[in-house]
Amino acid sequence: MGEEVIVPESFEREQGCTEAEWLRWLPDAVHGHELARPAPDRAEVRVGAGRLRIDWKVLPPRRIAAIVLPRLHVGFAFGGVAEAERERFMKRFDLHLQRGGG
6 MGEEVIVPES FEREQGCTEA EWLRWLPDAV HGHELARPAP DRAEVRVGAG RLRIDWKVLP
66 PRRIAAIVLP RLHVGFAFGG VAEAERERFM KRFDLHLQRG GG
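Residues 6 to 107 (the numbering used here) make up the sequence shown, in order.
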């Protein structure tokens, strides 16, 4: 029995990766949906009859003792995408971005 996850129309996250990693992962993470890059820090994804706008900004790295972790601030904004379709899209998107098991 799958756990239902409510995906709002817009939300923000912090991703633990470099911008180069993010850009390398993004095409596969959108799993076949049309992807456009209208700006260096923005992507637009066709999701059904609607769209998803993804904006990101490089943050200063997080430092924990000798460990340095890269960070990105990422904003997601769906337009014209039903809740169930947002949930399906993000479930697969998140699965692709999981490290060590995605």
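The set of hints was computed from the structure by calculation and includes no laboratory data. The reader is advised that the hints may include incorrect statements.
[To be verified] Only pairs whose alpha carbons sit at most 16 angstroms apart, straight line, appear in this in silico EDC-like list of lysine to aspartate or glutamate: (1) K96 - E24; (2) K96 - E14; (3) K62 - E92; (4) K62 - D46; (5) K62 - E14; (6) K62 - E26; (7) K62 - D33.
Model, not experiment: these values are computed from the prediction.
Now the hints, each set against the structure:
no. : hint      : result
1   : K96 - E24 : violated (21 angstroms)
2   : K96 - E14 : holds (14 angstroms)
3   : K62 - E92 : violated (24 angstroms)
4   : K62 - D46 : holds (7 angstroms)
5   : K62 - E14 : violated (20 angstroms)
6   : K62 - E26 : holds (13 angstroms)
7   : K62 - D33 : violated (20 angstroms)
Checked against the numbered hints listed earlier, the structure breaks hints 1, 3, 5 and 7; every other hint is satisfied.
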